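Participant: Residue-level listing of the chains:
There are 2 protein chains.
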Amino acid sequence: MPDPKYVYRFPEGDKDQKDLLGGKGANLAEMTNLGLPVPPGFTITTEACNDYIRAGNSLPGGLLDQVRSALRQVEEETGKGFGDANNPLLVSVRSGAKFSMPGMMDTILDLGLNDETFNGLIAKTGDPRFGYDSLRRFIMMFGDVVLGIDRGKFDAIFDEAKEKAGVDSDADVPADALRDVVARSRALVKAETGSEFPDEPVQQLELAIRAVFDSWNNERAVHYRRIEKIPDDLGTAVSVQTMVFGNMGEDSGSGVAFTRDPVTGEPEIWGEYLMNAQGEDVVAGTRTPLPIATLKEENEALYDEFAAIALKLDQHYRDAMDIEFTIEQGQLYMLQCRVGKRTTRSAVTIAVDLVHEGVITKEEAILRVAPSRLDELLHPQLDPRIKTVSLTEIGAQAAKAAQGKAEMIFALSQAGVDRLRKTGALPSTALLSFSGETAIGTLRIAEWNTMKDVDQAAILEEARFLEMASGLAASPGAAAGSAVFDPDTAAKLGHEGRDVILVRQETSPDDIHGMQAARGVLTQRGGMSSHAALVARGFGIPCVSGCEAIDIDEGAHTMSVGGLTLGEDQIITIDGSTGTVLLGLIPSVEAELFPKLTEFLSWADDVRRLAVRTNADTPQDAAKAVEFGAEGIGLCRTEHMFFQKERLPVVQEMILAAAEAKALEAEVMAVESEKAGAEGGQRRALEERLSDLRGQLEGPMGKYRGSLERLLPMQQGDFEGIFRVMGERPVTIRLIDPPMHEFLPDYAELLESVTRQRATAPQSPELVEMERMLHQVEMLRETNPMLGLRGCRLGILYPEVNEMQVRAIFRAAAIVAKDGVDVHPEIMVPLVGFESELKQLRGLLERVADETMREAGVEVPYMFGTMIELPRAALTAGEIAAQAEFFSFGTNDLTQTTLGLSRDDAEASFLTHYLDKGILSDNPFETIDQAGVGVLVQRAVAAGREARPDIKLGICGEHGGDPRSVEFFHNAGLDYVSCSPFRVPIARLAAAHAALAGGA
Amino acid sequence: MPDPKYVYRFPEGDKDQKDLLGGKGANLAEMTNLGLPVPPGFTITTEACNDYIRAGNSLPGGLLDQVRSALRQVEEETGKGFGDANNPLLVSVRSGAKFSMPGMMDTILDLGLNDETFNGLIAKTGDPRFGYDSLRRFIMMFGDVVLGIDRGKFDAIFDEAKEKAGVDSDADVPADALRDVVARSRALVKAETGSEFPDEPVQQLELAIRAVFDSWNNERAVHYRRIEKIPDDLGTAVSVQTMVFGNMGEDSGSGVAFTRDPVTGEPEIWGEYLMNAQGEDVVAGTRTPLPIATLKEENEALYDEFAAIALKLDQHYRDAMDIEFTIEQGQLYMLQCRVGKRTTRSAVTIAVDLVHEGVITKEEAILRVAPSRLDELLHPQLDPRIKTVSLTEIGAQAAKAAQGKAEMIFALSQAGVDRLRKTGALPSTALLSFSGETAIGTLRIAEWNTMKDVDQAAILEEARFLEMASGLAASPGAAAGSAVFDPDTAAKLGHEGRDVILVRQETSPDDIHGMQAARGVLTQRGGMSSHAALVARGFGIPCVSGCEAIDIDEGAHTMSVGGLTLGEDQIITIDGSTGTVLLGLIPSVEAELFPKLTEFLSWADDVRRLAVRTNADTPQDAAKAVEFGAEGIGLCRTEHMFFQKERLPVVQEMILAAAEAKALEAEVMAVESEKAGAEGGQRRALEERLSDLRGQLEGPMGKYRGSLERLLPMQQGDFEGIFRVMGERPVTIRLIDPPMHEFLPDYAELLESVTRQRATAPQSPELVEMERMLHQVEMLRETNPMLGLRGCRLGILYPEVNEMQVRAIFRAAAIVAKDGVDVHPEIMVPLVGFESELKQLRGLLERVADETMREAGVEVPYMFGTMIELPRAALTAGEIAAQAEFFSFGTNDLTQTTLGLSRDDAEASFLTHYLDKGILSDNPFETIDQAGVGVLVQRAVAAGREARPDIKLGICGEHGGDPRSVEFFHNAGLDYVSCSPFRVPIARLAAAHAALAGGA
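Residue numbers (numbering that gives the first Met the number 0), protein chains in the order written: chain A, 0 to 999; chain B, 0 to 999.
For the record, the hints were derived by calculation from the structure and aren't laboratory data. None of the values given here were measured: they were computed from a predicted structure. Every residue gets a Cβ at the ideal spot worked out from N, C-alpha and C, and that includes glycine. Watch out, some of these pointers could steer you wrong.
Calculated Cβ distances over 12 angstroms to all of chain B for the following chain A residues [claimed, not checked]:
1) D18
2) K123
3) V166
4) D171
5) G193
6) M247
7) L301
8) G423
9) L430
10) S587
11) P618
12) G705
13) M713
14) E768
15) V847
16) R944
The list that follows gives simulated cross-link-like pairs (lysine-lysine, DSSO-like), each with its CA atoms no further than 27 angstroms apart [said to hold, decoys possible]:
17) K595(A) - K340(A)
18) K399(B) - K674(A)
19) K838(B) - K916(A)
Some chain B residues flagged as far from chain A (calculated, every beta-carbon gap over 12 angstroms) [claimed, not checked]:
20) P10
21) D13
22) D126
23) D158
24) V338
25) E362
26) D487
27) R497
28) R709
Build out the structure end to end from the sequences listed, making use of the hints.
Facilitator: As C-alpha cells, this is what we get:
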C-alpha cells in the first residue's frame, strides 16, 4: 500500500478542505487557485498529525519524502533553493487546525536561515544588520518554540548586549553586537540541548513540523479545546510557505485588513499597515500602524490592486474576510485569508447588507449569526477598548492606594504616565499616586465624558483598570455604582436616582425591592440559577453571582478582597457578561435595537414556527419585551407582586392568620371525621368541641379574609397595567407558587435576633411579637422547600388566595375589555402532579372567574391550564390534559426534580466540578438535558396532543432563552417558548435557526 | 317492560349472589337450600335500593307488589298471617350490603306488632308483660331508627315509669306500667311526627324498607365506605324474615358461634348462648352468656343437631363460619351465617388446617390471608382485651389524679370498683383515688404478672386504660417505658436495661443511638416516612409519629396533653399498630413465628417468583431478617454505622478536614486552569500561588486521610459481622449517601448556642471552637438537602470516603472468605443520574477492590451496581446499565423526585389533607404510585434488560414491604424486593399472592 498523500501543494487544495488542510492551508489553496498573488508553498495534512500522535510522536513513513518533493516544486516556482547560500529559499512554518486555536505553536519565520544562507539574504538587501537581526530572531524563536529553551535566557543575552552597546532601543543595536548575540545564542542552545543549533535547513524544517504536531497536545491547547468543546482527534495541519519580506525597505510593508468594518459592519475595507515591517510588527503595537486609507494616498495602484483582491475575496467567499498581506519591494502578496471575526453588531449588519447586495439569501443571513451572540447587543457593555490588571498583580501597595477612590480608577506604568503627559491626554486633575513602578490615576466620569475621543483612546491605551475578582457571568451587561450591602438602603438610594450595586452574600425574595432599584447585583454565593441570577436576568440588570473570592460582610457593610476592605461609599463595576468585578467606575457603551437588527429579526420571524413570548411580572418588563418582539406573556409570576415593600406586611399578616385558621380547620375536619364514627356521649362531646373550635376559627379566618381583601385591589392594579401593555396578546398568569415561608423573615436571622434578645433583654415587649413570628416561621419551615407546600398544593390548602388572584385577574380583564381591548388571560396552575389537583382547582377557579365576569357584565375569553414541572405531570400528561387547555413546561423545576438537583445547592457545590471534570458537558440549567428532561417533554407533548388535539404547548423555564434548547423545543413540536425580555430577540433568532435546520 | 325482579324468596337465591342480595340475604338463601332450619323470608335486592336512590328516594314501581306477594308465600309456609290478630306473623327487617358495614340501620325486630297482633303474641306465651314489653321496644326501636325520633325521649318516658313504679331493673317494671309506657310512646310519636304511630303492618314494613335504603347514605355509612374504599353505588339489600323468639321461656334461647376458634384457629366450635333471651342480649353483655359447651351438657340432642349444622356449614363454605342461632321452644333455627372474622393467627391456623384436612389447596390457603395482616403477628401487641377511655372523656380532675402514677394506671367506674371488690379480683394494693364518679387504679406490673387469669380478665373487663392522644401508626407493635426526652439519656438508661420510650419533637440522625436503646419512639412531628418512622421500622421497634396533640418540650424534658404535663419519670405506652399513646404501662402480648405460620410461609415460598431480601445495617438486624426468611440483604446503609456515638467525633473531624481540603483543592484546580491560559509573569505568579496552596493543603488533607484510616477498621468490623451472619446470601452495600451536614450538629441549635454565648460570654474560649463548627455547618448547609450534595456526588467530590468503604468491604469479605464462607458482596452506588458518574466511580472503586483482594490474596466474586432513584436514571437506564451489573430501585427517593414531594414536609402539611379529601387515594410513600413512579420503573426495567440481559433488578425502598407494591414489582418483572426485617414475611406472602394472581 502506498503511503497516504500527506502533503498538498497549494494548487492541489481548496477552501472546503479545512478538515484535512486546516483553515489556513485550505484558504491559501483557494487563494492560489483564484489566481491571487500567494507565495508558493504546501500544506501537511491533519492526517499526518494524527498518524504522528498515534505512532507515539513519530513522523509517519513517507512524510519527509513528500515534503522534500513539494519543496523541490516550490524551489522551481520561486527559482530559489532551500539552503542555497546564494539565492536562499526561506519559509514560514505555521500550524493550522480546522478551528483557530490559541496556545498551539503558531509561526516560525525565516526558517532555512543559517550562517550560509544568511549571506544570500544580505545580498538581497545589502544590509548586514538586518541579516544578523533576522538570524538572531530566528535562533531565538526556534530555540524557544521548537527546542523548548526558556525565552528569558535569550532575552538576557540580548539585554546584556544592549547594555554593553549602551543603547535602549532594539533597533539601535549595532550589527557586530548582533553577531555576538547570534554566537552567544548558539552557545546557549548547545549548553541547553547538548547539541549544536541545527543549521541544516531540512533538519530545521523537520524539527519545526514535529514542534507544530507536538503543540496540538500542549497544556494551553488542550485547555482551550476543553472549554470550546473541540474534539481532541482533529489534529493540526502545517503550512510551509515561501517567505516574503515586508521589511525589505520603504517599498515593502505588511498589513492586515477586513473586507468590511469588523466593529460596525459598514461595507468598506478596514485595515492597518506599516511600511518596512513584518506582519508581527503590525500586531505587536511597537509602532502605530497606518489606516489602510493612507495606502490609497501613498500608492494608489497598489491600493487598487489590493482593494480588487479584497472585493474578489468578499464576493467569492460571500462573506467579510480577514486578510493578511505583505508588500515585498513593491510587489503585493497575500499571506492568509479567513472569514473575519466581528462584533455581533457587525455580523448582523454584514448579513443584512449581503442580502441587499444579492449575495446571500435571507435564510443564509439568518444562519450567519449565532443566536447567543445577540445577547451582547441588548445590554450596556464595558467599553471594548479597556484593559485590566488584577489586584494581586499590581501588588498590595498599589492596590491600597486605589482603595476608597471614587469614580474611574486605573493603574499606569511610569512609562505610560510619561507618554500620556507628553501627549497631554491626561488632565492635570487626574490624581496620581505612586507605589513603586505603578501609578494609580483617577478621573471623574463627568470629566471623562467631556474629553476628546483621541485623548480617551490614549488613556484607554495606557490605563489598566483594576480587576478585583471573577464570579459567574450570571446576567449580562455592565453596571457601575456604589456598593450597597442591604436592600433597604439600595432601594432608598436607587429611588433617589443614585447608581447602586446591591452586594449580598446571596439574595432572597426579601431583597427584591433593593434589586429593582439597583443597577446590578453582586453575590458571594449562588450559581447561574441562584435567586440573584434569575431575578437579575428577569429584570434585565447585570449580575455577577458566586464571586467567592470576595468576602462580603453584610453586618459590617463591607466587602474584602485581596487585602482590601471596601465600604459602602466605594464605586464598583460589575460585568455580568464575563463575571468580572472591577474597582471604580469603568466606562461602558449603551446598546440598542438598531434598524438593521430589526430588519434581520423580521426575517427570522418569517421563517420560525415557534412563537416567542416573555416572562414578565410588571407592565415595565412587559413593555420592554414587546419592544423586543414578544408575542405574549408566557409567565407572569404573581408572587413577585407580593414582595413589594408596602404589600409585604399585608401578605405576612395574611399568612399568619391563614396558618392559624388552617390549623384549626384541620382540627375541625379531624373532629368531624371522629364524630361520624362516634355515638352517644362521645358524639355529644365531639359536637361541643366542634362548636368551640368553630368559634375559635372566626378570629383568624376574619383576619385572613380581611388581608386578602386588601391585597385584591393591589393585584388587580398590577394585572390591569399588564393587560393594557399587552393588548390582544395572550397573558399567562401563574397563580401563587412559592412556599409561604418565603414571604416571612429568614429563619436563621430571626432565631439569632430572638436568641440575642432572650439573652440580653428577656423582658422586652417586642420579644413576644418576635417569638410569635419565630414560632410561625418554624411551623412553616420545610426541610426541602422545593418539594414542599407550594404551587397548587397551596391552592388546594389555601383556596382563598387563589380565589382572590382569579378575582383580581378577571376584574382587571373586565375593565380593560370594556375599553375595547381584546384581552386574553390564561390562568396557569403551578406544580401539578395529579389530575385530581387540577380538577379540584379548576372547578373552584372557573366558578370564581364566571362569577367575576358576571358581576362585571363582560365576557372575557380565557384559557385554563397548567405547568408541567414535575416528572409525574409529564408522565401522566394525557390524564392532566383532560383538565388543561394548555401546558407550559416549567423546565427549571422539571430539571431539578428529574435530575434530583437543587439548582442553588448544586451550582454552589458539585456542578462546577462536574463541568470541569467533564462528567457533564453542559449545565442542565442552561441547556436542556435532552436525554432526561427532554424525553419527559417529548412524552408529555405526545400524550397531551393525543388527549386534546388543540392543546397549546409552551415552555417558560430559563431554557426558553437558550438557543440549543429552543432548537430542541422546536423539534419537540411546542407552540411557543417564553423567556426574559432581554432574551426575546435571541429566542426569535434561535427559533428561526431551528426551523431552517429542517426540524419538525 | 315488566318490572325487574326486586324480591327473592330465600329458596330462590344462593351464596354467590352477594352483589344482589347482600351478604346476609345470600347466606340465608344458601342455608335454606342446604335444608337447614331457617325461618322463612325473602330479600329485597340491592338493585331496588339503587333504583330507589336514583329516583330521588322513591320506591320503584312494582316493589311493594312483589313484597306483598312474597309475604303471602311466607304466610303460607308459616301458617301465620301478617297483621293477623290471632296468629300474627311478625318479621325482622335487616339491612345487608355486599360488605358488612357499620353505621347502616341494622335490624328492626317484631315488625307487624300493633295493639291487635299483640293479642295473638300474648296468646302464644300467656305472658302479657312480655307482650307489652315487646310492643314498647318495637315502638321505641321503630320510632328511633325509622321515624328518626331522639331515642333519649323514649328513654325518659321509660325511666319515669320505672321511677313511678319504684323499681331499678327493666325486668321488674310491671305490665300495666309498660302499657302506660306504650301509650306515652305513641303520644310522643304523634307529637314528634304529627301523625299516629303507624299501626298498619304493611305500612310499617314499607317505612322500614325505606329506612334501610336511606341509611345507605347516612353520615356514618358514607364515612365508613370512604375509609374502607367501598364504592358508593353498591346499595344495600333488605332481608325480611319470620321472627322466632329465643325469649319464649326456658326452652328457648339465642346464641352466636364460630365453627373454629376465632382467636387461636383451633378446630373446635366456639360460641356463647343464653337461654330465654333474644340475640341482642347475648351481644349486649347485660347477662353473662354461657359457653357453647354448656349446651352439650344441658341438651345433648340439640347440641348435636347444632354441631352437625356447624360442621356442615364449615365444610360447605370450606371456611370457618360465624353463625347466629335461636332456639324457640326447643326448636333450633339458623338466623344468619357468614365467613367469620378472625385474628391473623387464627386465619393462618385455619388455612393450614383446612389444607391438612384436604378441604382447600395450598394456593387457596395462601390467598386466604391478606399479606398486610401478618404485620400483627410480628410485633408485641397490646393485650387485645384492654379497653380505653380518652383523657378528655374521664375529665380533667380524674386525669390529674392519674398523672405521675407509675406502671399500670386505669380508670374504673364506682360500680366497677364495687364489682371487682366483690369478686376480690382487685388486690388491696391497687391504689384507688376517686374523682367524682371515676376511680383511678394503679397496679405494679410484677403484681399483675403473678395474678390469676380470671382476676386479670375481671380487671380488664372493668378497667379503662387512659388514652392520651393519637398519632400516626408509624411502626407497628406496642411498647411501654419511661418517657425520655433526649437520646443520650435514652441510650444511657437503655444500656442499663431500663425500658424507655424516646419522646422527641422529631428525630434526626443524631438520635440514632437513643433510638437503638429505646423500646419505642414517639414524635410530635413527622409523617409515616419521617426519620423516626423509617428508622423505627428498620429497627423493628414501635413508633407513633406526628402526634401533634402532645406538646413536647425537649428543653424542659416534659410532654403536655389535655392539661397534664408529664415529666421524665412517667411511664407511657405507645401502640405503633394503631397510633395510640397511653398513660402508664399497658399489658401486652409477645408474638412469635409459630410452626403453622412457618409452614404457611413455606408454601408461599414455593409459589412466589420474586426473591425477598432485607434492609439491614447491623448483624443483629440481619440475623433477625434471616430468621424471618430473608434471602439476602438488598440494602445495607453504611452511614448508619457512622452515627454510633464513639465514631461520630471521628466522622466529624473527617468532614471538617475534608471540606477544608476540598475547598483548597478547588482553588488549586482553578489556579491550574488559569495557569494553562497564562504566560510570562502572570504564569510565574500563578505557579507560586499553586505551590503555596499545595503547602496549605497538606494539613487538612493529612487530617482527612488520618480520620478515614481510623474509620476503616470500624467499618471493616461491621461488614465482617454482617458477612458472617449472611453467609452465602448476597449482601448489597450502599456507599455513603446522606449529605455531610447530617453528621454535624443541627444548624439552628448551634446558631442558638453561639448567639447565646456571644451575648452572654463573648470571651469564653469554647466560643471559638463553636463558631468554627457553626461556620462549617453554614458552609455545608443546603436549601434542599434532598437534592444536594449527597449520594454518588459525594463519592465524586470526596472519592477518599468511598475508597475507604470499598477497602473495608473487601478486607472484611476476604477474612470471612478465608474461613470458607462463599461471601457475595454487591457494591451499590446511590443517586446516580448520569452514566458518566457511575463510570467514573466504577473505574476508581473496582481498582480499589482489586487491589484490596490482591493484598489479601483472596478472590471474592462481587457485583457493581447502582440505585435507580432519580427520574433521569430511570429514563436513561439503558445507558446506565452499561456500567451496572444490577439496579436497585430506591423508590423512596424516586417517589420524592418524581412527585416533587419531600416526604417529611408533605406528610406534615398537605398529604394528609390530600388523602382526606380524596385528591390522592393512597399515600404514595406507602403504596407505589403506579401511573408515575411505576411507569419509570417499568421503563427502566425494559431498557436495563435490553442493554444487559443478565442484569439483576431489585427494589429496596419502603415499598418492598407493601403488598400492593410487591404485586406491582412482581408484574414489572423485578428479581427481588428488599424490606425491613419485620416485613420480610409480609413480602414473602405478598410475592406469593402476586404470583398466584397470574401476573408475569
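Participant: Mind listing which of the numbered hints don't hold for this structure, in increasing order?
Facilitator: Result: no hint breaks.
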